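There are 2 protein chains.
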Amino acid sequence: MEFMTGVKKKDDVSVKVLLELEEGSFVKVQGAVHSIRDMGEVAFIVLRKSEGLVQCVYEEGKAAFPLKDLKEESAVEVMGIVKKEERAPGGVEVCISEIRVLSEPTEPMPLAVNKWKMNTSLEAMLNMRPIALRNVRERAKFKIQEAVVRAFRDFLHSQGFTEIHTPKIGAKGAEGGANIFKLDYFHRPAVLAQSPQFYKQMMVGVFDRVFEVGPVFRAEKHNTKRHLNEYTSLDFEMGYIDDYTDIMSMETGFLQYLMELLKKEYQKELNILNVQLPKTDQIPSVPFAKAKELVAEKYDRKIRNPFDLEPEEEVLIGRYFKEEYDADFVFITEYPSKKRPFYALDDPKDPRYTLSFDLLFHGLEITTGGQRIHDYRMLSEKIAARGMTEEGMEQYLSAFKHGMPPHGGLGIGLERLTMKLIGEDNVRETTLFPRDLTRLEP
Amino acid sequence: MEFMTGVKKKDDVSVKVLLELEEGSFVKVQGAVHSIRDMGEVAFIVLRKSEGLVQCVYEEGKAAFPLKDLKEESAVEVMGIVKKEERAPGGVEVCISEIRVLSEPTEPMPLAVNKWKMNTSLEAMLNMRPIALRNVRERAKFKIQEAVVRAFRDFLHSQGFTEIHTPKIGAKGAEGGANIFKLDYFHRPAVLAQSPQFYKQMMVGVFDRVFEVGPVFRAEKHNTKRHLNEYTSLDFEMGYIDDYTDIMSMETGFLQYLMELLKKEYQKELNILNVQLPKTDQIPSVPFAKAKELVAEKYDRKIRNPFDLEPEEEVLIGRYFKEEYDADFVFITEYPSKKRPFYALDDPKDPRYTLSFDLLFHGLEITTGGQRIHDYRMLSEKIAARGMTEEGMEQYLSAFKHGMPPHGGLGIGLERLTMKLIGEDNVRETTLFPRDLTRLEP
Chain Z
4 MEFMTGVKKK DDVSVKVLLE LEEGSFVKVQ GAVHSIRDMG EVAFIVLRKS
54 EGLVQCVYEE GKAAFPLKDL KEESAVEVMG IVKKEERAPG GVEVCISEIR
104 VLSEPTEPMP LAVNKWKMNT SLEAMLNMRP IALRNVRERA KFKIQEAVVR
154 AFRDFLHSQG FTEIHTPKIG AKGAEGGANI FKLDYFHRPA VLAQSPQFYK
204 QMMVGVFDRV FEVGPVFRAE KHNTKRHLNE YTSLDFEMGY IDDYTDIMSM
254 ETGFLQYLME LLKKEYQKEL NILNVQLPKT DQIPSVPFAK AKELVAEKYD
304 RKIRNPFDLE PEEEVLIGRY FKEEYDADFV FITEYPSKKR PFYALDDPKD
354 PRYTLSFDLL FHGLEITTGG QRIHDYRMLS EKIAARGMTE EGMEQYLSAF
404 KHGMPPHGGL GIGLERLTMK LIGEDNVRET TLFPRDLTRL EP
Chain H
4 MEFMTGVKKK DDVSVKVLLE LEEGSFVKVQ GAVHSIRDMG EVAFIVLRKS
54 EGLVQCVYEE GKAAFPLKDL KEESAVEVMG IVKKEERAPG GVEVCISEIR
104 VLSEPTEPMP LAVNKWKMNT SLEAMLNMRP IALRNVRERA KFKIQEAVVR
154 AFRDFLHSQG FTEIHTPKIG AKGAEGGANI FKLDYFHRPA VLAQSPQFYK
204 QMMVGVFDRV FEVGPVFRAE KHNTKRHLNE YTSLDFEMGY IDDYTDIMSM
254 ETGFLQYLME LLKKEYQKEL NILNVQLPKT DQIPSVPFAK AKELVAEKYD
304 RKIRNPFDLE PEEEVLIGRY FKEEYDADFV FITEYPSKKR PFYALDDPKD
354 PRYTLSFDLL FHGLEITTGG QRIHDYRMLS EKIAARGMTE EGMEQYLSAF
404 KHGMPPHGGL GIGLERLTMK LIGEDNVRET TLFPRDLTRL EP
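Chains Z and H, in that order, give the protein sequences. Numbering-wise (my numbering), the first sequence opens with residue 4 and increments by one. Numbering-wise (my numbering), the second sequence opens with residue 4 and increments by one.
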């Protein structure tokens with residue numbers, strides 16, 4: 004009988020180990036042939052590994068492999084000797100003694116993924132996504148995204164949150180409205196979740212604090228740089244709050260944790276993408292009405308609708324707080340009740356406004372959150388006052404009938420946060436395989 | 004201007020801190036009133052917190068709050084004095100001086116969630132899921148599930164895997180076939196992803212090793228204890244493998260890591276659920292055909308179909324390896340090619356079989372995995388040989404045309420693994436909000 008006993012030791016060396024080896028060491032390095040630069044007597048063969056590039060030097064007669072047979076994007080195993088070389092990435096190169104080809108492409112590359120910056124439109128890159136992402140700068144964006152998700156989970160775990168997984172197919176949407184994808188579920192009408200809102204709230208009654216990282220679906224007919232029809236939402240919900248500033252404080256804590264993680268473990272990617280990390284030590288918080296006033300005054304704008312915030316106003320608020328407070332983020336609080344879903348808690352002092360907030364990052368909304376109604380009677384009254392029905396929400400409402408602590412939470416758009424972090428302006432840049440009005444593939 | 008500066012300090016004490024405090028300390032404890040036992044002169048008020056239960060003692064005249072006004076499932080803040088008491092959970096109780104009610108239920112509980120075991124059918128518990136999960140044993144199952152996901156991510160991260168997020172709406176399913184949920188995507192036909200198979204393979208060309216934790220959707224008309232129509236899949240895919248045993252070794256490493264994490268951080272939940280952790284130090288591996296033979300011989304069964312494994316055979320294989328090797332897990336390898344999707348790599352020595360495997364846990368399949376075809380020509384030929392078309396798979400195939408390393412991977416059903424870990428026999432027990440043929444709510 005054969006037995007599996009755990010992870011196998013591999014003799015392929017990682018980039019990290021390679022850089023620490025002594026000159027003269029014999030190594031095996033596996034990777035994709037990222038580029039071949041044939042200089043006549045010698046050739047530079049650059050291998051692409053998950054963690055970075057490795058320069059290998061091929062000298063005629065020294066390597067037991069004819070150079071002309073080697074193709075870019077082949078998967079290979081290079082055997083050779085470590086040599087210090089200042090001009091190589093990381094100051095180390097491998098002098099090739101042998102190359103073993105593991106796999107070969109059948110067609111030449113349609114994109115120059117081995118260039119530092121691909122001279123290609125976003126549209127073309129999205130059309131050839133599986134290939135385009137092999138570019139070192141392109142893939143670095145998604146390592147930054149990985150860090151965002153890791154930070155979100157690790158930080159919330161340290162704060163006593165429990166991770167949950169809630170269904171994406173359901174009988175009714177959390178926010179209602181028309182922007183819902185519909186499907187047939189064994190001859191019953193069903194919808195795709197616009198958010199885990201109802202579920203995460205119900206689970207506050209079970210675990211006090213919960214979070215979820217998962218896809219959400221919005222059938223919005225927006226075709227902008229900021230909108231996707233499917234995106235990854237970072238959601239949390241916490242009970243026993245004093246007020247909605249507890250939520251904002253928790254988000255600030257997450258952002259601080261994220262910046263520390265990026266500095267500590269993602270410096271390489273920050274350098275590749277030339278990222279300046281934003282300031283998170285103190286994030287200003289300003290009420291909605293006040294923010295509109297400040298911007299109207301400073302930039303000489305008329306307030307057209309006191310209960311709505313236009314995208315240009317968001318941009319100006321971002322600019323205002325950058326100029327006045329050198330702030331990259333700003334919390335806008337107390338949104339008008341009309342603009343928030345029924346479950347948002349109204350301000351008892353002025354029920355035209357809610358105890359809720361958005362977080363802007365350089366003028367773009369990346370988070371919506373706030374305190375929720377926890378009292379069943381209040382919730383029921385608000386549903387009635389809005390002319391809505393409780394039908395289909397019985398389970399959600401049962402959690403409130405049977406007691407729920409004061410609570411609140413938020414949702415963060417992963418792709419938007421990543422986009423702003425790396426200074427991009429189209430959310431498709433930071434989505435592996437975006438879904439929008441025209442794009443259902445790849 | 005107000006500023007958010009990070010997580011606020013709360014004066015609510017956690018169970019962990021409470022147990023470490025000196026007798027006589029004054030504390031504030033927030034939680035839900037899990038149960039009230041009125042003994043006349045004194046009453047025991049048990050608070051339910053995320054981490055566990057806290058016994059509080061109410062004495063007539065000592066607490067500034069009339070006991071009769073307190074309801075079970077109210078959210079409260081108890082102020083009082085810490086006292087050592089052997090019979091209380093954790094050996095500590097709180098002598099109440101004051102109770103502040105934060106929120107009250109409007110209806111009495113329909114389920115005795117404060118009993119150790121609820122005397123209720125699974126069906127009833129699923130119908131009242133948001134309430135039923137407040138039971139301490141019920142929610143413990145999902146802490147174990149949290150551990151599974153944490154272990155999967157943390158272990159794979161330590162092994163150089165990159166986390167990815169791939170779309171759940173697409174133009175075509177990865178495995179094809181009829182078991183796909185269909186939806187209208189802005190007047191285009193679309194489907195829900197049955198698995199991230201194509202995407203994770205394409206991303207091996209970018210990151211070498213990737214993983215994803217996310218929902219998958221199967222429109223299967225099975226109505227069994229083992230099937231769900233939406234579940235959470237733990238997927239990974241790794242490049243530069245020598246053969247498919249690299250995948251099995253990696254999974255064994257994950258399981259070993261998981262058991263260590265459970266022992267270290269989830270002992271409380273293991274005790275609540277009375278879990279005996281399975282053995283993972285060495286997991287036997289046996290070819291499909293051999294497994295059928297062993298079972299036929301030992302349990303005197305006829306082999307009816309040499310190319311299919313019946314559920315009863317899986318159960319017997321589980322039993323065989325428990326009896327003969329004291330093994331909780333067993334890898335069944337070299338599945339018949341007919342039973343595997345087109346992208347599975349056939350055994351060059353006998354193309355009727357594939358270089359693939361399932362992992363059984365106490366006789367139930369919890370993982371399917373294997374080595375994939377990495378050569379474009381071979382893949383193209385197999386598609387043709389199966390009478391399939393390349394239409395709709397252009398992007399997937401482009402990754403192979405442009406070079407892919409030898410690779411393989413697997414998918415683990417989160418709910419099934421959790422179910423087997425805690426010794427349950429219905430996958431709905433370990434799904435927060437299951438979706439099956441009849442259940443679309445809550």
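Check before you lean on any hint, since a few could be wrong.
Copies of one chain are not kept apart here, so a pair can be met inside one copy or by any two copies together.
Below, simulated EDC-like cross-link-like pairs (lysine to aspartate or glutamate); rule was C-alpha separation at most 16 Å, straight line [as the list claims (entries may be wrong)]:
id : residue 1 : residue 2
1  : 13        : 245
2  : 404       : 75
3  : 341       : 315
4  : 11        : 245
5  : 13        : 249
6  : 341       : 378
7  : 71        : 263
8  : 404       : 110
9  : 118       : 223
10 : 31        : 75
11 : 74        : 5
12 : 267       : 353
13 : 341       : 14
14 : 325       : 432
15 : 12        : 245
16 : 175       : 444
17 : 118       : 268
18 : 301       : 263
No wet-lab data here; the hints were simulated from the structure. Small disclaimer: the values here were computed from a predicted structure and weren't measured.
The hints, checked one at a time:
1. 13 x 245: For residue 13 and residue 245, only the inter-copy Cα distance (10 Å) is at most 16 Å; the intra-copy one is 53 Å.
2. 404 x 75: between (64 Å within a copy, 12 Å between copies)
3. 341 x 315: For residue 341 and residue 315, neither the intra-copy (20 Å) nor the inter-copy (58 Å) Cα distance is at most 16 Å.
4. 11 x 245: between (51 Å within a copy, 11 Å between copies)
5. 13 x 249: between (48 Å within a copy, 10 Å between copies)
6. 341 x 378: Close neither inside one copy (20 Å) nor across copies (57 Å); limit 16 Å.
7. 71 x 263: Neither: 47 Å inside a copy, 50 Å across copies.
8. 404 x 110: between (63 Å within a copy, 6 Å between copies)
9. 118 x 223: neither (36 Å within a copy, 46 Å between copies)
10. 31 x 75: Answer is neither; intra-copy 19 Å and inter-copy 65 Å both fail.
11. 74 x 5: So residue 74 and residue 5 fail the 16 Å test inside a copy (38 Å) and across (60 Å) alike.
12. 267 x 353: Neither: 45 Å inside a copy, 50 Å across copies.
13. 341 x 14: Neither, since 62 Å and 35 Å both go past 16 Å.
14. 325 x 432: Classified as neither: same-chain Cα gap 24 Å, cross-chain 51 Å, threshold 16 Å.
15. 12 x 245: Cα proximity of residue 12 and residue 245: across copies only (12 Å, versus 52 Å in one copy).
16. 175 x 444: between (27 Å within a copy, 9 Å between copies)
17. 118 x 268: neither (25 Å within a copy, 46 Å between copies)
18. 301 x 263: neither (34 Å within a copy, 59 Å between copies)
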